[in-house]
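A.B. asks: First to last, the sequence lines map onto chains A, B, C and D. To convert, note that position 355 of the first sequence is 355 in the working numbering; the numbers rise steadily by one, no gaps. To convert, note that position 72 of the second sequence is 569 in the working numbering; the numbers rise steadily by one, no gaps. To convert, note that position 58 of the third sequence is 1052 in the working numbering; the numbers rise steadily by one, no gaps. To convert, note that position 370 of the fourth sequence is 1861 in the working numbering; the numbers rise steadily by one, no gaps.
Treat the hints as calculated values from the structure; they're not laboratory data. A quick note: this is a predicted structure, and the numbers were derived from the prediction, not measured. All C-beta atoms, glycine included, are put in the ideal place defined by N, C-alpha and C. Accuracy of the hints is not assured; some may be wrong.
[Said to hold, decoys possible] Cβ pair distances, simulated, as ranges:
#1 LYS1460(C) / ALA867(B): 49 to 55 Å
#2 MET1135(C) / GLY1709(D): 56 to 62 Å
#3 SER1891(D) / ASP306(A): 54 to 60 Å
#4 ASN1955(D) / ASP306(A): 39 to 45 Å
#5 ASP69(A) / GLU1232(C): 56 to 62 Å
#6 ASP1300(C) / ASP812(B): 28 to 34 Å
#7 ALA590(B) / ASP1668(D): 40 to 46 Å
#8 ASP1754(D) / MET1135(C): 55 to 61 Å
#9 ARG1165(C) / ASP1741(D): 35 to 41 Å
#10 PRO173(A) / ALA985(B): 21 to 27 Å
[Unchecked claim] To spell it out: a stretch of chain B is covered by chain A in this simulated footprint if at least three of its residues, at any positions, have a beta carbon under 8 Å from a beta carbon of chain A; those stretches are:
#11 655-666
#12 859-868
4 protein chains.
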Amino acid sequence: MTSISQHAALSDAFRDETPWDVGDDGDTLHEECGIFGVIGARSASSVVALGLHALQHRGQEAVGITSFDGGEFFSHRGIGHVAHVFKNQDIFADLPGMMASGHVRYSTTGGSGLRNIQPLFADLADGGFSIAHNGNISNAMTLKRDLVHKGSIFQSTSDTEVIIHLVATSRYPTLLDRFVDALRLIEGAYALICTTPAGMIACRDPLGIRPLVMGRIGSSVVFASETVALDVVGADFEREVEPGELLVVDHNGVISSHRPFGDPAPRPCIFEQVYFSRPDSILGGQSVYQSRRQIGVELAKEAPADADLVVPVPDSGVPAAIGYAAESGIPFELGIIRSHYVGRTFIQPGDSKRHAEVKRKHNANRALVAGKRIVLIDDSIVRGTTSLKIVQMMRDAGASEVHMRIASPPTDHSCFYGVDTPERSKLLAARMDLEAMADYIQADSLAFVSIDGLYRAVGQQDRNAKCPQFCDACFTGEYPTQLTDYDADAVAGETEA
Amino acid sequence: MTSISQHAALSDAFRDETPWDVGDDGDTLHEECGIFGVIGARSASSVVALGLHALQHRGQEAVGITSFDGGEFFSHRGIGHVAHVFKNQDIFADLPGMMASGHVRYSTTGGSGLRNIQPLFADLADGGFSIAHNGNISNAMTLKRDLVHKGSIFQSTSDTEVIIHLVATSRYPTLLDRFVDALRLIEGAYALICTTPAGMIACRDPLGIRPLVMGRIGSSVVFASETVALDVVGADFEREVEPGELLVVDHNGVISSHRPFGDPAPRPCIFEQVYFSRPDSILGGQSVYQSRRQIGVELAKEAPADADLVVPVPDSGVPAAIGYAAESGIPFELGIIRSHYVGRTFIQPGDSKRHAEVKRKHNANRALVAGKRIVLIDDSIVRGTTSLKIVQMMRDAGASEVHMRIASPPTDHSCFYGVDTPERSKLLAARMDLEAMADYIQADSLAFVSIDGLYRAVGQQDRNAKCPQFCDACFTGEYPTQLTDYDADAVAGETEA
Amino acid sequence: MTSISQHAALSDAFRDETPWDVGDDGDTLHEECGIFGVIGARSASSVVALGLHALQHRGQEAVGITSFDGGEFFSHRGIGHVAHVFKNQDIFADLPGMMASGHVRYSTTGGSGLRNIQPLFADLADGGFSIAHNGNISNAMTLKRDLVHKGSIFQSTSDTEVIIHLVATSRYPTLLDRFVDALRLIEGAYALICTTPAGMIACRDPLGIRPLVMGRIGSSVVFASETVALDVVGADFEREVEPGELLVVDHNGVISSHRPFGDPAPRPCIFEQVYFSRPDSILGGQSVYQSRRQIGVELAKEAPADADLVVPVPDSGVPAAIGYAAESGIPFELGIIRSHYVGRTFIQPGDSKRHAEVKRKHNANRALVAGKRIVLIDDSIVRGTTSLKIVQMMRDAGASEVHMRIASPPTDHSCFYGVDTPERSKLLAARMDLEAMADYIQADSLAFVSIDGLYRAVGQQDRNAKCPQFCDACFTGEYPTQLTDYDADAVAGETEA
Amino acid sequence: MTSISQHAALSDAFRDETPWDVGDDGDTLHEECGIFGVIGARSASSVVALGLHALQHRGQEAVGITSFDGGEFFSHRGIGHVAHVFKNQDIFADLPGMMASGHVRYSTTGGSGLRNIQPLFADLADGGFSIAHNGNISNAMTLKRDLVHKGSIFQSTSDTEVIIHLVATSRYPTLLDRFVDALRLIEGAYALICTTPAGMIACRDPLGIRPLVMGRIGSSVVFASETVALDVVGADFEREVEPGELLVVDHNGVISSHRPFGDPAPRPCIFEQVYFSRPDSILGGQSVYQSRRQIGVELAKEAPADADLVVPVPDSGVPAAIGYAAESGIPFELGIIRSHYVGRTFIQPGDSKRHAEVKRKHNANRALVAGKRIVLIDDSIVRGTTSLKIVQMMRDAGASEVHMRIASPPTDHSCFYGVDTPERSKLLAARMDLEAMADYIQADSLAFVSIDGLYRAVGQQDRNAKCPQFCDACFTGEYPTQLTDYDADAVAGETEA
């Protein structure tokens, strides 16, 4: 099938201006999106901007906001940080109304630029319809093929657009019926915030894989991927949107809850606890900071080390390192200093090239580390390239021993639910056993927290093997949904052969 | 019905950069588009850029090119002149292939920016499909309403997109059948260049209201709105695409002609001769320069003046002024000097504000004009505001008499066929009779060429009142098609009340 | 001597945005600057912007304005057209005060960008001092060397900055004395507008090589390079600043005239009449349009041709062509159509590459030219490359004969007085005799107006060989000043060897 | 005296693009500059870019690099982060040569934009001369007045330019003599890196107030404000440039040391240890991280608190908090989470406006803090506004008690040596006593480390009151140099009255 790459002049020009980068060499898992919506608030669009600002750890490469003023919808989207795309106050005057929703996304895949930035919007027969989506629809390709054959024309390459066309072509009489009709056809992970002339719709997939919470500021209702966004806009946390729940809020603030999918057992993503969510968020009733600190405690119990210092890989390893230090009695110290100025790659002078890149982000605190036995704490290992560099940096700074402790089980399966993971064959833990991994990263010892230790840290007694309390497919390969668009080999990975 | 204005960050940012403007105070009629396509040429996209460059008098505010390399379609679009949007040579490397088509447009109405820039493109079930359109579909709103109700989602606010959705949802088996099915449903004026994986389609509406010509460079086939674009790319003119003709060219250069609408009598737009087309184009076998010069001759016969100098309003009045001077024996002189630097509006100093704006564009050649009786030649009068300023400028420069002669009949009806005209009530000739118009513009005398004089100048013996040889609705109100989307009042204008 | 190229990030970034180009392949002589100043006017800076807008034919690549509000000086400068650099109205609010001056320049030579854009400004011991200069100082290098040795630090590579440092380091007591002291040390051509806290100074070099006129709007005093700028701002022409005259205007409008150089015989540049000045300007009491038309008359007398059409090379050849046609009785017709959209170079398709570039700017009016004998009228021949292309274009369009007539004598010497000329060895007339030139441009015949014919056309009886009434060094090699910085060979050129 | 604000179009346009801000509400002291130079290295300019990248905590708003290729000097400067201004690799090709130096600066004061970005450069009589300066010259205004009266023209409003003009106008025979002649005339704080055709000059003021270190990469010599920059470029630390030492390095790597000021007792800035320098730098033989950790230890001894958690104000309070926790036995926990996305101010929704701004940067870790007694550790208090907000944030999150401990003595005097401090009357500690400060920030208790405690933490036995080992004027008011440009009142501040 032919396709077009509409690398419009504008988006290209803009990309050149983008002065930041992700700065992690692709060796980290990334949540792909954050969503936020508010209804019944004055300056709704600026509340959304503030909320999205607090969700940028979930997606920092593009941002969009759509508002509705009772008559018309308005939208502003751009590539870059929230503070960049919405730097002019005037923009909010062009996004009037008391209902608004927004979206931050991690990457603009496929060079399709602006067209894929959400919220997506369409003029349907009964009025405007916007949608902001965190997650991934695992039968989007299959559904799209059908829709195109019947005459639907897609604007973007986003899986999310499938939902809009399903709504547009559904034969049910009301918009809500058409929307539920659409959701019944899709599989995968989704937290959605939609706006229509009648109000706002927020929902989570039947398993609640991706998070979504509800809060209030006075009489206005707020939805957000995480509670930290409620804190930042001054909203009170009310409750989570339940897995499989669909909440409809009208312009008078009247809320109705719908459960079109019955009552399946929830499987929220456990990696939100490990890495994705902000430590100051509350997830499933659990403080993310405390979960991570507790993982460190479990790790210290399961994998003690004889060492002088506990050193976190900044910043994500800090809470677990505090827990590890507290449990083990080994002092917590900043053996690695992180630069606040991460940027694009420079040309490096010849002989110092090898380490310059990682040094721009992290630098060893030599005076502290020299001659010491170090326990390094990191959140996870993906490809292993960063771990190798960090271990080497500690040794170059004079560390006598380096013991690596990882605050999650080995990541040996890809995620198909809205997290940007390398294909399975690139995952270090899918390629090697523990010993080989320790050799690869050149650590004196290496240990991961156990899956049960992880479940304990997040407040469970243990993992219910028959019906796990979380989606932990990246650690176990037990995917809780069908994966229609992906063939078995892709899911299993070549390492299984 | 709600609608969205997606004034994306990027397009806004870009608009600020646009350093030119139309510079005519809205007191001119504008052709809205020019189109160009080539198939079977190396560097097809750069040939298209060159061709569009020569068609910018038909549309200078936005430009787009789509190419096809045998496998995929590529596209680049932007706001601004061709030389600006395609200033980087690298862009052509990103538009590979031997087939390409492009479009220049006059305005980006409705703030919808980039989305409305043509060629429009869609991934249909049988592959990519691009369309570039010059003209206006007069039942587009009606058709769109139907399509949206059946589930089609529109990307743009352009009437042209209706054609794509009609093709996408047609039930005919082949693309060509589906395309003809779509054309049968639309009314109005259209010259179209479409590209599909199988080749290029060029066609004109049954009356041939908008122009389209075919040429060749070696074995490659070229389509363009005007012959001047053939000259500039080094192509030989072959023939006009006939009114109601649909030409299909495949990648081997095989051309087939189709006539799905039978054989209605053509009605090409006569204003192309008066103003829209470049003077160095050949239109319907007639040199546009000679037509305009001959209008001046007819005007001198019909409306002589006792004067010292014939002065053209630059630049469009020059050919008619040469004809008028030659016929009348009065010397042709440049009594008005046109600045090459037309730009946005400045703050003007208080007491000279009244004339500063027009003076930035036109300045009287005082030494020449002072004490002289002047015949001023202009192409047309729309609102009359420019004529008033120009007459005043001649008087301020010391002209003793100013006789205005207009190289077209009075423009007293709006155009609904792709020309940007004010609503009827704004047209000077719809509001006043000849004497009142002369008073309004403060000329000593005023005359327009007669409708028959105009027909004579373009090579007809006279106007065939029963079945006019041209569309001259802007002069006569005789619209040659239905105008479904426009109610009778809009067409007739309030001046008829 | 070492030097720095401060290609600041900003200026480079900006250059990429510049969407226009000069578009003449370097085959034209260019005036390098235009200057404008006003004192005693409300919104002085916007008056200056308007005036500079009318002077952009003298320099379109960069523009600057400096204003003074009674306490402080303000400045805004940029690369690009006046309408681009001053497109935001807010800029004028940042340029307050009743005195302002400005400058447009042709090119930003040497990549030095913003630093060389005038007016130059310095904080001298007795306050701010700005200077805008049209012309060229022919001993600037020599003076600069001295100044640097004494400790002066130059900001720009502009010859104009020498004047500021001479003023700054002069030992005379008053600013006016120091300024005259500086002028006595410099040689060459200069029209200057300076602003100081006390008021405005305007002056011309002793020979008055470059033009400068004075006008009034009510009680405010205006200086400009040409009268057309007075017209555009609504000022009344008062008189020329006399060669060697220095006019000082204070904030009460009191004007004092000084003549520090005695009373040498003036030698204004005759090429201003031929090409540089706008046709609607009055220069030395003579209408430029009439001068050019009269050159055409002289040319028709001196070099008649047996032909069917007189065709101007647009736009500069038009007035002479009108004169030639009137005198010869051969009809004046537009055989070449000029595009209004001149832009950067595109990739051209292979076989049409040769003519594509010139065709983008000029296209033959084939229907008119085919089979005709043509007299082509152009203003001058510099390198000859454009003439060759234009003659060829006429032949390709079917002209049976092409007779080239040039409205100036052969340009066979470089200018050192502020005009951008190629070095002498590149000038066609310095390399070849008449016959060889005709061969080179492939014309059936070629003639230039004689130097005496030119003097007659501009109102003289003939050229006073002992003491010519004009600087005509580009035609005669008789330079009216010393050329300290240029050695004899550079002036004479290698063709003299 | 009049002055000009040359807010050039370009710099303004650029500023709009700058997507970051300082984000501290002006309630922090800022080092104003970082400098870096290398001689004898291939790709010298890219080594400098890498070094400056590591020094951006000393100045992140503008950056410049100058290089020398043996013949010419080259320069590139811009507003923004290093990674932004040098994002295109091509820039380094335009900065060729084996010697380069650069500068980052905190702010572009005075709206003067690009002109003030260092290294400053001038073409002196004996060749190019560049200078990069960290510090402040406290008699710059006085010297400038003299220089301007003698005819020097200043390009910038930077105090640094005074040095260049003193060099340019010195009558000594060699450049080195002229440079020392200039230094003898200036007073204040300076670390300088200069480049000349003969090589590089690095020097520190006689008291060594600002830091400067020397390192080597192979045969090339490197100078930098801090050792962290040596780490990042892969250089080995060699030694500090001594206070009052002037090092000259030629292109063969030959180094000569000069001591033109005799041997005064050094007084390096103690605030470098407290806040300015990166924790991974070594300063005066002391690890900055260890100094800060040790301040926390001293603080715990001097001002213990009965509390449940030690919470750092991120990120600068972390090392002291670790020391405080270790000494006191109270657990170290992250009670405040810092956002990595700091940006410009948004419109905030009405009722949450009060705290939104600080919440965008810092958010309380509610689950941890609620019901706890907190010891908050911050590096210093300037105006007190941030402390007030942070204390309030802890209380809003449910902290039962908040005890503030500050890792420096009260800051009650302004700095005149290159640190951006508010005027004295704005400093909280200059306005209030300890108790009033505690009330103002609404803390349950407040304590600062003592001046002797601070001296102990940085490795001294105590402060030598007669001849202090450091410049600690911001804590004591004992300025170690004359302050010619500042009158006594400004120094003492109105609070002394």
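A.B. asks: Could you run down the list of hints and mark each one as holding or not?
C.D. replies: Hints, one by one, checked against the model:
no. : hint                                : in the structure
1   : LYS1460(C) / ALA867(B): 49 to 55 Å  : 36 Å, violated
2   : MET1135(C) / GLY1709(D): 56 to 62 Å : 42 Å, violated
3   : SER1891(D) / ASP306(A): 54 to 60 Å  : 38 Å, violated
4   : ASN1955(D) / ASP306(A): 39 to 45 Å  : 44 Å, holds
5   : ASP69(A) / GLU1232(C): 56 to 62 Å   : 58 Å, holds
6   : ASP1300(C) / ASP812(B): 28 to 34 Å  : 30 Å, holds
7   : ALA590(B) / ASP1668(D): 40 to 46 Å  : 57 Å, violated
8   : ASP1754(D) / MET1135(C): 55 to 61 Å : 47 Å, violated
9   : ARG1165(C) / ASP1741(D): 35 to 41 Å : 40 Å, holds
10  : PRO173(A) / ALA985(B): 21 to 27 Å   : 36 Å, violated
11  : 655-666                             : holds (count 4)
12  : 859-868                             : violated (count 0)
Taken one by one, the earlier hints fail for this structure at numbers 1, 2, 3, 7, 8, 10 and 12, listed in ascending order.
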